[in-house]
Each structure stands twice: as C-alpha cells, then as structure tokens.
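Chain A is already provided as a structure; the job is to place chain B on it using the hints.
There are 2 protein chains.
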Amino acid sequence: MTGLSRRSLLTHTAGLGVAALMGAQARANAPISGHQAPGFYRFKLGDYEVTILNDGARTFPLPDTWVTNVAKDQALGAAGEAFMPAGKVTVPFNPTLINTGSKLVLIDAGNGPSPDGAVGLLFPNLAAAGIKPEDIDVLVLSHLHPDHINGIRTADGGIAFPNAEIIAPEPEWAFWMSDDNMAKATTPIDKNYFVNTRKILGGLNDRVGRYSWDKEVAPGITAIATPGHTPGHTSFAIASGNSRMLVQSDVTNIPELFLRNPDWHVAYDHDPDMAQQTRHRFYDMAATEKMLVAGYHFSFPSAGHVEKAGAGYRLVPVAWSAAL
Amino acid sequence: MTGLSRRSLLTHTAGLGVAALMGAQARANAPISGHQAPGFYRFKLGDYEVTILNDGARTFPLPDTWVTNVAKDQALGAAGEAFMPAGKVTVPFNPTLINTGSKLVLIDAGNGPSPDGAVGLLFPNLAAAGIKPEDIDVLVLSHLHPDHINGIRTADGGIAFPNAEIIAPEPEWAFWMSDDNMAKATTPIDKNYFVNTRKILGGLNDRVGRYSWDKEVAPGITAIATPGHTPGHTSFAIASGNSRMLVQSDVTNIPELFLRNPDWHVAYDHDPDMAQQTRHRFYDMAATEKMLVAGYHFSFPSAGHVEKAGAGYRLVPVAWSAAL
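From first to last, the protein sequence lines stand for chains A and B.
At position 248 of the first sequence the residue is numbered 248 (the numbering used here), and the sequence of numbers has no breaks.
At position 309 of the second sequence the residue is numbered 309 (the numbering used here), and the sequence of numbers has no breaks.
Treat the hints with care, since some could be wrong.
No copy is singled out in the list; a pair is fine if it fits within one copy or between any two copies.
[Said to hold, decoys possible] Cut-off 25 Å, straight-line C-alpha distance, at most; resulting in silico cross-link-like pairs (DSS-like, lysine-lysine):
| hint | residue 1 | residue 2 |
| --- | --- | --- |
| 1 | Lys72 | Lys290 |
| 2 | Lys290 | Lys88 |
| 3 | Lys88 | Lys72 |
| 4 | Lys88 | Lys44 |
| 5 | Lys290 | Lys44 |
| 6 | Lys215 | Lys44 |
Derived from the structure by calculation, the hints contain no laboratory data.
Pulled out of the complex, with its shape left as it was, chain A reads as follows (with noise of 0.2 Å):
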C-alpha cells in the first residue's frame, strides 16, 4: 500500500500546500455560504410524526463544581472523551413535538429569546418544519427550569403559544411557585429557579393548568413520574399503535458525562441522590426493553437506544432517515 504513512498524512494535512496558495486568487462558483441547515428531524411512531427541533446549544468552560461528585479533572476527562472542546462542555437542547393527528403537543418549550442567538431556535425551526406556534395544541412542561420553560413568552413578554394549553407537573408547581420554599432555598442555583419561574409564569396561575403523573396529557402521551432533577420532574411515555418511546426530560443532563456515568450528579439536580436512583431505573428499564429515548440534552437529533456499558449506559443515536 502507497501513501498512507503517518508521516505522510500528516504533511498532507499540516496546512495549505502550493496549489492552495495559487488557487487563493481565484473565486468558488458558490460563496461560502454560513448557514446551517434547519435543526428538525421528524420520524414515524405508529400513526403519530414524532419532530424533534432543535433549540440551540451552550458550549462553555466546564465550572469547578459543575459536577458535583467527581473531580473536574475526571468530568473534562469524560467530555474529552465525547471529543468536546479541550476544557469546555457542550449542552443542547432538544424540544420534542408531537403530532397524535388529534393534537399537536409540543414537550418544553425551549430558552426563549437569546441576544447572542445560540439558543431560542426553536421558533425558526418550527418554523423551518412547517409549524406555526399558535398551531400548538397542548404545551407540555416536564418540569420548571428555565431552559424549559423561558420560551413561553415572547421578547415582549406575551405568550409565545397563544392557542395552547399549557400544562405543568402539579407536584413541580407546588414546588416552585411556594413563597414559603422560595424563602427556604440556600442555593445560588435553587434561588435564581425560584426567581425565574415567577418571572415567567407570574400571573399564570389560571393559565396553566397541572397535570398529574401516571394519567394521559394528550392522547397515548403519559406523564411518568421521575423526580430528582427536580420535584416534580416528569418523562413521558408516547405510544401509538405497537410503537412506543419515552421523552425522558432531564433523567439525564448531556449523556456524554451522565449517561456514561450515572453516578454522577449534575450541579442542576435538586436532590441528586433521588436523581441517581431515578437514572438506574429509568435506563435499566430502557436498556433491557431496547426502547427509543428522546433526550432534551441529547446531541439533536436526540434520539437514540441505550445500551449498558460497563458501570453506566451508552447511547446509540438514531440512524438519520430521510424516509419517514
């Protein structure tokens, strides 16, 4: 065999050579273009068409405490691993929409408007799908964190879905909107929680609705306790037909580091031991029933099986079809 030496390939891709240098003079019949391709992908689940839409993502440098019980050296060395950025991780957020042909339910709804516009995508990307956001249905809320909820309103405060109902885990609501909790919260975290939710759902009380857990939110849509990540933190278990999926929500934060390791705690969690416990059921069950899961922080499309591996889970993402 010629040619494929390391040192070979190597010179090769040290830089631009000679040709690339003359050709710098002369112009692509296409400029570059910078732009993305539209951040949905959509799937059949029975009769329902499953779209999951892709909010946008934060990459930043990993904080010292971000997790919680391991060193950060061990969590770099985790999301060096997955081949983040050196130092830093990558968090995207995934809502799912879900179309039941009777309701066109959307699960979260994203971070909202964002000035540096890496996240609140969700609006060109329904956008890009075919969905207006007063053709919503039913908005779902798996629990309160901002990253799930802030996109209920718009840059002017109204609301985003102005023909949804919108619903709310009722244990996650007691919890959140309770003056009497707010006034207990110790944690810098918890307390910008409880400032957020009044910020965004002030006055809503009468507008949102509470669901409860083990009961149907939209047709073949259930709500499945899973709390930890937060109180009232909620999965949902989709079936149509002989097909079913969970949304799992935040059972997981990126699967890169919590997945892998479920073991670890994520500096979001509530009760991070609860949180753990709720993990191990949650992906044993998974795993051994070879169920899809769409996760929120899963890498979009966010959708894959879990599979054990070792003390913790890999997930294998979905083959990308381009037949629904």
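For chain B alone, kept in the frame of chain A given last:
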C-alpha cells in the same frame, strides 16, 4: 419514587389509552407533515466550509454472503447492536462538498436518479443547501463504484455537473476501463461494476481527468492511497490553516459492522485482505491523531472521531451544531 416501575412503563406504552381513542375524533391544528428536514450539514474547517450531503440510504435483508468471512448470524448480531431493523442492514450514502473559497469541490456524485426515491437525494439536498449542480467547480471521484459515480449522469444521460472538472484516480480508471480486466472478471459483483463503469463513463475518456495519489486534487485537498476496496480506492486529507480532516470514502462500509470489526470483509471489496490492512492503518492513525473523519457510509451527518474499542474501533459522531 412513584410511577417509574417496569409494569407502569409497559402499561403506559402498551397502546392507545382511552383519551387517545376519544381524541381521535378531533383534528390537530396542524396536519401530519410527512416531510423530513433537508439532509445537509455544515461546519467550518479553518477557512473552508464543509457540507455533508445525504444521498439517501438503502435498507435491505442481509444477504447470506454480505460479510464474506463471518457467519450471517454474527453479522446480524452487530446490526442488532446498532438497532438496525431486525434481519436487515441500512447503508447510507453521503457525498462531501468543500468550499475552499477558490473552488467548490464535490467528492463523489451519489447514486443518481432512482425510481423509488430512496437514493439520488444529493440533488434536492444540494438545492436545499443553496447550491446548484452547475456551481460545482471540481467533482472528485474516490473510486468508480456505482453509488459514487452514477450521479454524474442526469436521467436523460447528460452530465449532471456541466461546469465541473471531473477527475478520477488514475489507477482506478486504468483498472475498471480495461477490457482485458473486464474479460478476466470472475464474480457477478465485479462483472456488474465493469458494465456500470462503461454505462456511466463510456465516451468520457476525454471529459474525465485523472489524478495521482499524494498530490492535491484541489486547494488543500490531497489524495491519499487507500486501496483494497478497489484497486484505486482513494481517501482525502483536507487542510485549511491549522484544521484538518479525513474523507475516508469506503475504507469501511457501514461502521456499525466494519469499523467495530475491521477484520470483517464486505462483499464489495475487490482485495479484501488489502482492504483490511488499509483499515487498520487508516484508523490507527485517525484514532491516534484524533482526526475528524467523514465516511461515505456513516449515518448522516456522517462525520465523527474514531476511538479504539477492543479489537476494533468505535465511531463517536460529531455533535450537531446550529452555529458554524
């Protein structure tokens, strides 16, 4: 923790509930769409802009001899671990487009027009990405198998990329266009390849240029010898500034089988032992150097990093980024 038991989960996902049956009489605000997102994905590589373009995929029952040197059950086991449909494999096709600023370079032309619509999606996906076929400055063929060259021809037999310089690897052209070699072909697969090269490339001896290994085929894009899959099979090292990547072409067919198990031979390999040797050398380097690799038969968006895993390798797909 309430709610999350295996029995509860299975009950919830066993089928449509009462509410679903009731809801079926209503209609959602938006109809079932049936449309997938366009299959292109962009990223920057130094000053270059890379666009992966999906040409579709084919899913078919695994033939008995698709993996020639392991038992069919073993091959199906690997497909099952990748959650492919039972008894089947899915093979996607993904050409790579590179805009160097001075040249718009397409590597491989896809399957071309297809009556069933499963492949040939390069053209609608180019359009979605804002590129016209006549914008392509250089079409580089990695090798002369049908799924890489048939897209050269329009449905009426014209040249689909009228303004492109079209170039093929010199040893690849010499091998497949030799009538002596055609007369000596023994397997039905190779005989078909000889017929197809004549159907697609016949009469184009003066239209299609030849390139040599270890030389740039376009600015910053160097042809790397990776023979075995075919006699002139070529991969590409792409470099811009300090950034670099590899376009592997068919060093493996689908990674779920042949990257995980680099000693397995796909029926399409002309010299399976040489192809196996090439795989090991290519991936040992790619893993050691942590290089980004685009693979024609990797699931869209068809780029990722390669890590060593046991006796083989595992693909870590790129994390989708809305920002370029």
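- Lys88 and Lys44: within-copy, between-copy, both or neither at 25 Å Cα: For Lys88 and Lys44, only the inter-copy Cα distance (19 Å) is at most 25 Å; the intra-copy one is 35 Å.
- Can you tell me if Lys72 and Lys290 fall within 25 Å by alpha carbon in one copy, between copies, both or neither? between (32 Å within a copy, 22 Å between copies)
- Message: At most 25 Å between CA atoms: does that hold for Lys290 and Lys88 within a copy, between copies, both, or neither?
- Response: between (31 Å within a copy, 17 Å between copies)
- Using 25 Å as the alpha carbon limit, work out where Lys88 and Lys72 are close: within a copy, between copies, both or neither. Answer is within; shortest intra-copy Cα gap is 11 Å, inter-copy 43 Å.
- Message: For Lys290 and Lys44, with the copy left unspecified, which applies at a CA distance of at most 25 Å: within, between, both, or neither?
- Response: within (17 Å within a copy, 36 Å between copies)
- Message: Reference check for the pair Lys215 and Lys44, CA-CA at most 25 Å: within, between, both, or neither?
- Response: within (23 Å within a copy, 46 Å between copies)
Going down the numbered hints, you'll see the structure goes against none, and every one checks out.
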